[in-house]
Amino acid sequence: MEPSLARYIWTHTRKQQIWILMIVLLSMIPYFMSFDLPKLIVNGPIQGKGFEQPGATLPFMRLHYNLPLIGEVLIFSGFQLGRKATLFALSLVFLLLVVINGLFKLYINTYKGRLGERMLRRIRFDLVDRVLRFPPVYFKRVKSAEVATMVKDEVEPLGGFIGDAFLQPVLLGGQALTAMLFIMVQNVWLGMIAVVIVVIQIVLIPRMRRRLIVLGRQRQLTARALSGRVGEIVDGIGAVHVHDTSNYERADIAARLGLIFKIRFDLYQWKFMVKFLNNFLAQLTPFLFYMIGGYLVILGRLDVGQLVAVIGAYKDLPGPMKELIDWDQDRQDVQVKYQQVVEQFTVEGLIAPAIGALTIDDPDPMTKPLSAIGLSIADDGGAMLLNRISLQVKPGETVALVSTATGGAEALAEAFARLNWPDSGKIASGADDLLELPEAVTGRRMSYASSDVFLFQASLRDNLLYGLKHAPLTPVTYDGAAADQHRWNIDEARRSGNPDLDIHSDWINYASAGATGPHDLFEAVRRVLDAVVLSRDILDLGLRSSADLKRHTELARRIVELRAALRTRLEQEGLSGLVVPFEPGAYNKEATIGQNLLFGAAAGPELADRALAANPYFASVLKQAGLDRTLYEMGMEIAEQAIELFADLPPDHQFFQQLAFMSAEEIPAYETLLQRLKNRPYEAVSENDRAMIVSLSFAYIEPRHRFGLLSDELMSKIVAARNRFYENLPPELHNAIERYDPTKYIAAATVMDNVLFGRVGNNHPDAPDRIRSILYDILDELGLYGELLNVGLDFNVGAGGRRLTGGQRQKLDVARALLKRPDFLILNRPLSALDQRMQDKVLRNVLEEARSDGHSPAIVWVVTNPSMAMMFDRVIVFDSGQLVEDGTHETLLAGNGIFKELVS
Amino acid sequence: MLLKDEVGMLQRVPLFSGIELTKLKLLAFTSDRVSYSAGQILFRQGDEGDAAYVILSGRADILVDSDSGPIKVAEMVPNSIVGEIAILCNSSRTATVRAASQLEALRIRKDHFLRLMKESPEMTIEILRVLADRLSHTTADLIDARSAK
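Respectively, the protein sequence lines represent chains A and B.
One point on numbering: in our numbering, the residue at position 339 of the first sequence is 341, and numbering is uninterrupted.
One point on numbering: in our numbering, the residue at position 8 of the second sequence is 1299, and numbering is uninterrupted.
Everything labelled a hint here was simulated from the structure, so no lab data went into it.
Here the structure is a predicted model, which is why all the values come from computation and not from measurement.
Even for Gly, the Cβ is constructed at its ideal location relative to N, Cα and C.
Honestly, I wouldn't trust all of these hints.
As the list claims (entries may be wrong) - Computed cross-link-like contacts, BS3-like style, restricted to lysine-lysine with a CA-CA straight-line distance of at most 25 Å:
#, chain 1, residue 1, chain 2, residue 2
1, B, Lys1316, A, Lys680
2, B, Lys1316, A, Lys591
3, A, Lys370, A, Lys396
4, A, Lys317, A, Lys107
5, B, Lys1295, B, Lys1314
6, A, Lys317, A, Lys277
7, B, Lys1295, A, Lys591
8, B, Lys1295, B, Lys1316
9, B, Lys1401, A, Lys680
Stated by the list, open to error - The following label-pair restraints were derived from C-beta to C-beta distances:
#, chain 1, residue 1, chain 2, residue 2, range
10, A, Asn681, B, Gln1393, 15 to 23 Å
11, B, Glu1366, A, Pro705, 23 to 31 Å
12, A, Asn681, B, Gln1302, 29 to 37 Å
13, A, Ala610, B, Glu1410, 34 to 42 Å
14, A, Asn867, B, Asp1432, 40 to 48 Å
15, B, Ile1332, A, Gln459, 37 to 45 Å
16, B, Gln1302, A, Ala241, 43 to 51 Å
17, A, Asn867, B, Ile1332, 46 to 54 Å
18, A, Val762, B, Thr1385, 24 to 32 Å
Generate the whole structure from the sequences, applying the supplied hints.
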């Protein structure tokens, strides 16, 4: 990147800078005119100069010029105005000039603000673009949070400065010069005084500010290091807790903050010191004016109007001067910041832009062998991972790389994936150096998955399809306001040197997954998920999540059919007892009392969990149904029992998991509440306390808690209350609850709850598993299996995929690599988090899936266990960075080499 | 059957007879009430032991795999505990337990059971006593078997 900020700005904003300069120069005319006016007003109509005779008039707006050679030219002879009329006219002109100056200022500020923002956008994009082109080795040394803070925070002040870069010195310099000139014209000696002070300011202040710049640089570096450390703590939070080092981290952060504080405080001290001096110098001048100017007026060598004008003009001098000096400081400050950032982003061996260039059309398949030629790779410490390896992988060949602990097979796989660059030798595809092939070829015709998986914080689907998003493939049509917005987006992107690729286009390359469009892509997805044995996990996720009904309409449409099918199947297998269905007119014993009362899924906070008992409408329904007192007494009974059982246990006791009514922390509160309410009549208990107690009874399930509190009479009362609740439901609660309806899908509930439409019996320990497997059967029969898998694919994997297990992440990575059906599939210990049995199973599936539909990609697999090598055409063995054996599984096993040793 | 009835049943299990009532109630509350129909399997030989069962009503057969198929070695009746060995010594199940009739049982989870032992020395001693008793019976059986050869 351009090391000089001024040149960077000039290169990209030359035209705009010149334009705004012109505007600024133009704005000087009314600005200067507004200086002269006060003198005219004071001397003319106010003091009466030229109006000595009553009724005298003077021409107003008389335009005449003295041109050389031609002499006086009169353009307009003006209006003749009296003293008062002249005063009003001149004052109105003054007002007009104020407006014109303001409008100029508005235009200039807006223009340069936009200019700065565009440049900021350009710089940020350039920086991220560079990150995308850094060589892999760079990322071993840099903390991601530091890069992020550079892109986001450190270049931010540049945006504010860029608009002012050339403008400010001209504008302020012009203003200062104008003011100075005006003073000079009025009185040379007063002018000289102003000049001397200004010169002192210009020389002294920047000198004092040098230290500010040094401190500013330190502030930037320490702040960047701080954000790097904070990022590290977040990423490594597990290690912090495991080793009880949180206080070490606290100390480290406190020390850093202390240093930053010191630097910043130093900075303030200097800043205000300089400010003080600057202000003092600025105030010194008027002191001299009053004294010397006043003296001259008394002597009669200066008229009062002149002195007032000089002082008035001087008011406009310190402002621009101060800002000019500030601008100079900003310039230096920003230049330092810019340099610091640019230094960090100037890296040797940046990937050429052509390698990552946008390519719409798919490249031809890689039909030439992939070879390592005299390949050596060293790690950061200089130890050789691979030492002059030469080998060739032919298209269609399956190769197992077996490696001892220091073998180096992983480094070879990384080199094939271009994640590790050779120190000498090269990887070649046919005759081409692999590193010189565009990513459009290697990223589409080759796939790579390793044990070190990175997932983006998005849905499973987005992560799975990520490997297909190479280029925007469909043009999107926009209408109306959206079209305008889109045009504006493109326009602005171009003005800031950003690409105008449409993120809303369909980026998914269906053809590479063997599909023709969104409608049949899912089939390919399902196959790769089956291959890596991930479908079941995703189905489970689907069952536990609530489906987005905009996307998954089929599930909602066929819910009645699905519920009926489940019911029939359970009956056929004699398992009806496992699920107690919800019936609008009956009490469901396996559900809580709260669920039975509400008979619906809370869709908002008003009726959810603890808020339910406190809801005034709900309380009034209970009262009308004659349940308020019963449920209160029941809650008291539950509280007593729970406290008797649990009061003596330490709060971290695992038994608390079984206590559904209250948490360990709430026990003391309930204990005192119980003491207080024990012998108090119901009527004397406050609303709040009632709600506290009643809410306990809402969590009660008779077959599970077995306190014997539920009678037939109570159950029928609850069902009656349920109906009453819905009959008079106030409109503001209509959206807070979705009533259970056997013919309707409940959007707020999980898919599982929707299909079950009931509760699983509490006394069948294996019921959930059995029901799940029956459910998958039914979904398959009804053709809804895919739909549920699709719901599961909506699951958000969390930051870095941490909501998935390590094994699931690795499986997903392999599925993603398989999905694009590459010519070379490189797998680097991809399933290390799985047990050996599962690894073998996935290995078999992947080999089969990769070769389905007449495809025959080359597969290079760094295996975790030598026994897995059996399933490959060829086995290559590495030891101490050397290729030691190469042959078929049988020949190596027959030999007496390292492989045989490793297997046995 | 309500919680208090279960506590009454537990009291009659020799293993728990020495434990104070509140502890037993807590044990009952934190255990799951499970029911099986005849022929259903509570757990299989070789499974990992994760819970012990107290039979509340009904009967269960204890089966051991052999070359000629499963052999019934014992029958459990109400108030007996089954499956406690595997959770005590972290081993896999030594036998299969199958409901011989409609069966109601209390399923005591392993961690709950161990926690309770830790907190109640009476119970631990009682368990030791029962186990020692069984050991001496087994030893006697072994001597009988050896001398019969």
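Do the beta carbons of Asn867 (chain A) and Asp1432 (chain B) sit within 40 to 48 Å of each other?
-> Given a distance of about 45 Å, which is inside 40 to 48 Å, the answer is holds.
Are the Cα atoms of Lys1316 (chain B) and Lys591 (chain A) separated by 25 Å or less?
-> With Cα atoms ~23 Å apart, Lys1316 (chain B) and Lys591 (chain A) stay inside 25 Å; holds.
25 Å limit on alpha-carbon distance, applied to hinted pair Lys1295 (chain B) and Lys1314 (chain B) | 12 Å, holds
25 Å Cα cutoff - pair Lys317 (chain A), Lys107 (chain A) | 18 Å, holds
Agreement of Lys1316 (chain B) and Lys680 (chain A) with the hint, judged by alpha carbon distance not exceeding 25 Å | Holds, because 23 Å separates the two Cα atoms, which is no more than 25 Å.
Go ahead and decide if the range 15 to 23 Å is satisfied by the Cβ distance of Asn681 (chain A) to Gln1393 (chain B).
-> 44 Å, violated
For the pair supplied as a hint, Lys370 (chain A) and Lys396 (chain A), is the alpha-carbon distance within the 25 Å limit?
-> Measuring from Cα to Cα gives roughly 7 Å; hence the hint holds.
Given the hint of 46 to 54 Å, check if Asn867 (chain A) and Ile1332 (chain B) actually sit that far apart at their C-beta atoms.
-> 34 Å, violated
Can the suggested window of 43 to 51 Å be confirmed for the beta-carbon pair Gln1302 (chain B) and Ala241 (chain A)?
-> Given about 50 Å between the Cβ atoms, the range holds.
Is 23 to 31 Å right for how far apart the beta carbons of Glu1366 (chain B) and Pro705 (chain A) are?
-> 27 Å Cβ-Cβ, so the 23 to 31 Å window holds.
Assess, step by step, whether the Cα of Lys317 (chain A) is no farther than 25 Å from the Cα of Lys277 (chain A), and give holds or violated.
-> The given pair, whose Cα atoms are some 18 Å apart, holds under the 25 Å limit.
Restraint check for Lys1295 (chain B) with Lys1316 (chain B), where alpha carbons must lie at most 25 Å apart | OK: Lys1295 (chain B) and Lys1316 (chain B) at ~7 Å, within 25 Å.
This entry does not satisfy hints 9, 10, 17, going by the numbered hints stated previously.
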